[in-house]
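**Q** What follows is each chain in one-letter form.
There are 2 protein chains.
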Amino acid sequence: MKGRKKIMTKNNTYNIAIVGATGAVGQKILKILADKNFPINDLKLLSSPRSAGKKIDFKGETLTVEVAEADSFKNVDVALFSAGGSISKKLAPEAVKHGAIVVDNTSAYRMDPNVPLVVPEVNANALKDHQGIIANPNCSTIQMVAALKPIQEAFGLSRIVVSTYQAVSGAGWEAVEELENQTKQHVNQEEMTADILPVGSDEKHYPIAFNALPQIDVFEENGYTAEEMKMINESKKILENNDLYVSATCVRLPIVTSHAESVYIEVEKENMTVSDIQKVIKTSDGVVLQDDPSTQTYPTPLSAANKEDVFVGRIRKDLDHNNGFHLWIVSDNLVKGAALNTVQIAQSLMNQGII
Amino acid sequence: MKGRKKIMTKNNTYNIAIVGATGAVGQKILKILADKNFPINDLKLLSSPRSAGKKIDFKGETLTVEVAEADSFKNVDVALFSAGGSISKKLAPEAVKHGAIVVDNTSAYRMDPNVPLVVPEVNANALKDHQGIIANPNCSTIQMVAALKPIQEAFGLSRIVVSTYQAVSGAGWEAVEELENQTKQHVNQEEMTADILPVGSDEKHYPIAFNALPQIDVFEENGYTAEEMKMINESKKILENNDLYVSATCVRLPIVTSHAESVYIEVEKENMTVSDIQKVIKTSDGVVLQDDPSTQTYPTPLSAANKEDVFVGRIRKDLDHNNGFHLWIVSDNLVKGAALNTVQIAQSLMNQGII
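Protein chains in written order, with the numbering used here: chain A, 811 to 1165; chain B, 811 to 1165.
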């Protein structure tokens, strides 16, 4: 961003603010910043008035959560937003006014043509065009494009048909608690009660335990859910491929952590083999091949939980379509799907000298 | 079958044998025969030596389960087999030798060109060519073809790409018990133990609770699982459409009952709309439309459990492919997916005067 001044901090360290510090993603961001020894000068934890005042430990120091407001962003280099779209809409421009770069984990700015939508392994180059706000993509999109970008590079990519298997933690702590409560109700042979899923603000709620809900986020006019449209639109933007056919069906499942995806793709290059696809996955950053039917090797939500990578298995050639392949893509939705990717964007800003 | 003699029973009633009477599907068959008041003269319950001797109530009578052996089928009109492929391979020909018609619920004979593979709403006409054995299709196939046949009739069908969301009861009582045990272990904060899923006879076992296992049945040489190949091959046979492109990814989930399927199809007729597809579903036998995003109406495994119909929702037109549509198809895998379809085949044999 032109005219932006780097705030003077010692030894190339940065003043960081986290908006939504007490949420599921905010907590993961804190853990990853600590684990990665991110060069922090000052760390400001921000939240809604409801959670303000809470104490949170960070690398041996006890920090107090403050209310997020326009003036919270004075002297902040990078503000990581993860507190819902309406908060980002209200406060991200304020943070930018104060000279911070915002990495926003909500859908508020993702499709704004002036906002880079970034998965660093895929399109870190887009960061240099930022105008103050950078968007972190939707969790289900991140893991899919991380796996498909190297395939697009190698063989071209013309089509994606994806069906998702998504964890409740993508809907926040309350949804995780709802699954846990329903699970206990089931064990105690009580009737299951539902108040949160599929969408807190929607009229009807259905139990998620021992069930599958084909609704994530609200419905749009065209009959697709907002989650499905995010996957469709964000994938094209991140892969910088407007001719790509993308369709999605998004389903919430009784899984605590990690999204899985059954992905059908068509590549442009003719006569590719499973082994060609496997080789590309094996040699790409942030993506791990776990694919050997002879040893029952494939990723699952439980095996991917708390890991940083995107795992790919069950790669098969379509039996009828010569350019078609099937993949099973799994990653921790709170780690690479949210918190890690946010921190990686901040790291990439650092590495590229943008901050 | 030429030369087959109807056994003389009173008032158009039939002598029925159930092989695998104590299993998950066998138990459902018994319930459905009772609920539907199937015209039974004599009912013989057969099983492995392990379960023989068990007492089972049927319409107020207590029946004793006997060991299934070659001579069990004397004077039997219809033998309903649901005790695993090896038992069917061994005993179904014996039952036929004794003059019984076999309805086999295993995969043993499904792809045999001399064996009709039947979903009565779809291809009851195939029954007349039987040579003693009739195969009941795989659970995940039945519900899909039941929903897609009327669409094929109306608009032609050229392609299916399906990702399944399958219940553990499809793997038998032991798998249901394993999910229940793991659920209790989770609630008690104990480590989950796995001995059955994904496949009892395979080397490795993974927890199914709070997980998704992209393996149902064993792997074949081509990297697809046997379950996926069943869906692919059986769909073409039942829909009598060898030019149909079919691909499948089959996934086991922590759901007790009902399989769900995210199905992408391409129809042959141009410019069809969601409303065209909905009308066809609405007016077809055995299939129920539950599709209204404005009221969050769609089927789920819990809502479909213990019901006889196949439920269809989330019908959307593909945003890029003019002939492409997405559907969400849900049905109880033990009812329409197994026991009900078996009984409906027997009813259809009756109605067509074949028995």
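Among these hints, one or two may not hold up.
Copies of the same chain are indistinguishable here, so a pair counts whether it falls within one copy or spans any two.
Pairs of lysine to aspartate or glutamate, DMTMM-like flavour, derived with a Cα cap of 25 Å [as the list claims (entries may be wrong)]:
| no. | residue 1 | residue 2 |
| --- | --- | --- |
| 1 | 1014 | 1102 |
| 2 | 1089 | 1031 |
| 3 | 846 | 1119 |
| 4 | 1089 | 1119 |
| 5 | 1046 | 1076 |
| 6 | 994 | 1005 |
| 7 | 1089 | 1000 |
| 8 | 1092 | 1078 |
| 9 | 869 | 1001 |
| 10 | 1014 | 1119 |
| 11 | 846 | 1000 |
| 12 | 1092 | 1000 |
Quick caveat, the hints were computed from the structure, so don't treat them as lab data.
**Q** Taking the hints in turn, state whether each one holds.
**A** For each hint, the structure was consulted:
With identical chains, the CA atoms of residue 1014 and residue 1102 are at most 25 Å apart between copies only, with a shortest distance of 13 Å across copies and 42 Å within one. Taking identical chains as interchangeable, the C-alpha atoms of residue 1089 and residue 1031 lie at most 25 Å apart only when they sit on different chains, with a minimum of 20 Å there against 41 Å within one chain. Proximity of residue 846 and residue 1119 under a CA criterion of 25 Å is satisfied intra-copy only: 15 Å inside one chain copy versus 53 Å between copies. Taking identical chains as interchangeable, the C-alpha atoms of residue 1089 and residue 1119 lie at most 25 Å apart only when both belong to the same chain, with a minimum of 17 Å there against 45 Å between chains.
Taking the shortest alpha-carbon separations for residue 1046 and residue 1076, both the intra-copy value of 15 Å and the inter-copy value of 22 Å come in at or below 25 Å. When the C-alpha separation of residue 994 and residue 1005 is checked against a cutoff of 25 Å, the pair qualifies both within a copy, at 15 Å, and between copies, at 23 Å. Taking CA atoms no more than 25 Å apart as the test, residue 1089 paired with residue 1000 passes in neither setting, with 50 Å inside one copy and 39 Å between copies. Taking the closest pair of Cα atoms, residue 1092 and residue 1078 come within 25 Å of each other only inside a single copy of the chain (20 Å); across copies the shortest separation is 39 Å, beyond that limit.
Taking identical chains as interchangeable, the C-alpha atoms of residue 869 and residue 1001 are never at most 25 Å apart, the minima being 43 Å within one chain and 29 Å between chains. Taking identical chains as interchangeable, the C-alpha atoms of residue 1014 and residue 1119 lie at most 25 Å apart only when they sit on different chains, with a minimum of 23 Å there against 35 Å within one chain. Proximity of residue 846 to residue 1000 under the C-alpha cut-off of 25 Å is found in neither arrangement, the shortest distances being 44 Å within a copy and 30 Å between copies. In this assembly of identical chains, the alpha carbons of residue 1092 and residue 1000 never lie at most 25 Å apart, being 47 Å within a copy and 35 Å across copies at closest.
The structure fails to meet hints 7, 9, 11, 12 from the earlier list, while all remaining hints are met.
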